[in-house]
Amino acid sequence: MPSDAERRLFWVTAACVVLIDLVTKLVAESALLHTAAVPIFGDWVQLRLVYNRGAAFGLHVGAFSRWVFLGVAVVAIIVLSRMSRGGPPGDRFRQLALGLVAGGAAGNLVDRIRSARGVVDFLDVGIGTLRWPTFNVADIAVSCGAIALALSLWREDSRRTAPEPAAPA
Numbered sequence: 001m002p003s004d005a006e007r008r009l010f011w012v013t014a015a016c017v018v019l020i021d022l023v024t025k026l027v028a029e030s031a032l033l034h035t036a037a038v039p040i041f042g043d044w045v046q047l048r049l050v051y052n053r054g055a056a057f058g059l060h061v062g063a064f065s066r067w068v069f070l071g072v073a074v075v076a077i078i079v080l081s082r083m084s085r086g087g088p089p090g091d092r093f094r095q096l097a098l099g100l101v102a103g104g105a106a107g108n109l110v111d112r113i114r115s116a117r118g119v120v121d122f123l124d125v126g127i128g129t130l131r132w133p134t135f136n137v138a139d140i141a142v143s144c145g146a147i148a149l150a151l152s153l154w155r156e157d158s159r160r161t162a163p164e165p166a167a168p169a
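End of the sequence shown sits at 169 in the numbering used here; the numbers just go up one at a time, nothing left out.
Keep in mind that the hints were calculated from the coordinates and are not lab data. Values in this document were obtained by computation on a predicted structure and should not be read as measured data. We put the CB at the ideal spot given by N, CA and C, even for glycine.
Restraint-style ranges between C-beta atoms, simulated for each label pair: (1) 16 <-> 154: 24 to 34 Å; (2) 117 <-> 19: 19 to 29 Å; (3) 115 <-> 157: 38 to 48 Å.
Using the sequences and the accompanying hints, generate a full structural model.
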């Protein structure tokens, strides 16, 4: 079972992600509401306000998308918190990864609760008409956290399956 300090890392990381995500979304809404796009790095990186009522990449499940994805986010946060509590002691990297994913899920959950318009996305990356779906800080945290969590689980699995060193004769 992780120490209190390790569990605190999970909660502080999640809280920081939610705070940074909320502040950037509020700034994006106020600054970009009446603007088509603001180029940051030519056409490659732009700020563009989009409201996403679905999930990642605009995935929708009909008229109840807001409520379905709200429920999925709540369940995900509960599962991630339990994973944090049940993680191996000393694995601060895993606590950080879980905090990033939970914070990102919570950040987008806040948007679903505060507005029926959908999740605020504002980072637009691509070349010409070849664009990645617009995203936000919460999406970055979920993606980076998921990759870090996969690495943490892989490291744990490789330690478990590593052969025992031979005993001296």
